[in-house]
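**Q** Quick note: the sequence shown uses the UniProt record's numbering, first residue 1, plus one each step.
These aren't lab readings, by the way, just hints derived from the structure by calculation. Where a beta carbon is used, it is the ideal one built from N, C-alpha and C, also for glycine. Please note: incorrect hints may appear among the correct ones.
What the hints assert, rightly or not - Distance windows between CB atoms, simulated: (1) Gly233 with Glu109: 16 to 22 Å; (2) Gln315 with Tyr295: 29 to 35 Å; (3) Asn15 with Glu72: 37 to 43 Å; (4) Pro321 with Leu291: 33 to 39 Å; (5) Gly169 with Glu423: 41 to 47 Å; (6) Ser148 with Lys230: 23 to 29 Å.
What the hints assert, rightly or not - Calculated lysine-lysine pairs in the BS3-like style (CA-CA distance at most 30 Å, straight line): (7) Lys426 with Lys391; (8) Lys136 with Lys176; (9) Lys53 with Lys33; (10) Lys281 with Lys339; (11) Lys197 with Lys227; (12) Lys53 with Lys83; (13) Lys339 with Lys380; (14) Lys281 with Lys227; (15) Lys330 with Lys281; (16) Lys330 with Lys103; (17) Lys380 with Lys333.
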Amino acid sequence: MNRDKSNALYDKAKNYIPGGVNSPVRAFGSVDKAPIFVDRADGAYIYDIDGNKYLDYISSWGPLIFGHNDPEMIETFKSSLEKGITYGVPSYIEVDMAQEIVKAYPACEMVRMVNSGTEATMSAIRTARGYTRKDKLIKFEGCYHGHSDCLLVKSGSGTLTFNAPTSLGVPEDVIKDTIVCTFNDIESVKSAINQNKDQIAAIIIEGVPGNMGVVPPCPDFLKQLRKLTKDEGILLILDEVITGFRIAYGGVSEVYGIEPDMVCFGKIIGGGLPVGAYGGKREIMQVVSPLGGVYQAGTLSGNPLAMHMGLKTLQRLRENPSIYSELEAKAIKLEQGFKKNLSDLGLNYTITRVKSMISFFFAEGEIANYQDVQKSDTDKYGEFFRFMLNKGILLPPAQFEGLFVNTAITDEELEYTIICHKEALKAIHNI
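All chains, please: the whole structure from these sequences, using the hints.
**A** Here you go:
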C-alpha cells in the first residue's frame, strides 16, 4: 500500500503537535510504523488520505459500537445540531441521559456528566475522599484510569506501551497516597489494607482491564474485593469507561454480579463524542457541589450533542439486547479462528476474551496480571500489526490494547481477518 500522503502529513504534523499526534498511541511508535491519517470512515471501514481502505478493529477505541457513519446516529447528530451546539445552562436531554444511566446501573442513584473518562475517574476519587474524609487510594498495577496525576502510577494503556507506567511531571507528594496492588490477587489487597488501616478512602479498579490488553478477572476475585471493601468501610469505584454498555448493558456490574459504591463511564455513553460520567449512591453523590463541599465543574459537561448521541446509543442497546449476543458471537468467531490458526502452526500464544472484548498476546501461558502481560513480545506484535495493516486490517497499534468489534463488521470480514491472521503468523515465524 502506498502511504506517501500520510507520511508527508505526519512529518508536517510533528512541526505543530508533540509527536505529531494528540494521543501517544496514535503515533504507531510501538509498532515501528508511521501513522495513517484518515480522510473518512463508513461502516466497518476507515479510508486514509492515500485512498487505502482498512477494516477497523479500533472503533475509535470503543465508542463506535454501531460502526462508523451509522445512519441513525448521523440523523441524531444532525437533529441535535439544529437545536444548537451548546447552551451553558441545563437542558432536558441531560436529565433524560442521567435517568437512562441510573436505570441501567443499580449502583448509580445519581450521576454527574463530565467530558472524558479521565475527568470521570478524577472526580470520582475526589468525591470518595470528600465523602470518607480519608486520603489514601488503592489501584491495580496495569489498570489505566486516565491521566490525572494520582492515577498515573504503574498504569496501563499508552503508559505501558511506551514503558513509562509512572509519568514524569507527577510529584511524589501527589502519588504518596496511591497504593498499588496486583490485579487478581486478593491477598495483595488485604495486605495493603492492613498496612494502612482506616486510612483508605477507596479502591478503584477496571473490572475487566482493557488497557493492558483484555485481562479476565479470576473467578470470585471481584466478589471477594466487594466483600472486603464493605467489611473495611472502603468505597469501591468501578471504572467502566471501556466496559460500560459494551460487554453488557449493565457492564461488569451485570456480568459479574457486583454492586460497587461508585461507577465511572465514558466512550459508548457519548456515541462517539467526548464524554464522561461518574455516579454512585445518593448519599455519596450529595457531597458534590452545589449540594456539598466537593467541587467539580465543566463548561461543556452535559453538552447537548454528546447527550443526544449517548442517549440514542443507550436506547438502541436497551431496546435491542440481541446486539450483545451478536457482538459476542463475532468475538467468539475471532477467538476460535485465532486459536485454530495457532494450533495448526504449532504456536502457543495466548488469546483472551471477555464477552465481546478480545486480545491476542505474543506471550505463552495464563494472562492474569501486569507481570504476565509484560512477557509479551512487542517486536513480534509490531511485525504482526504491519502485516495486517498491509492486508487492509487496522488493529490497535499497541500490544496492550484490545480489539473492538462493532455491529457493522460482517461474517465475511471476520473470516478474512482470520485468514490474514494465519498468513501473518506464518510470515513472521517463517513457517
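**Q** Broken hints, numbered, in rising order?
**A** 10, 12 and 15
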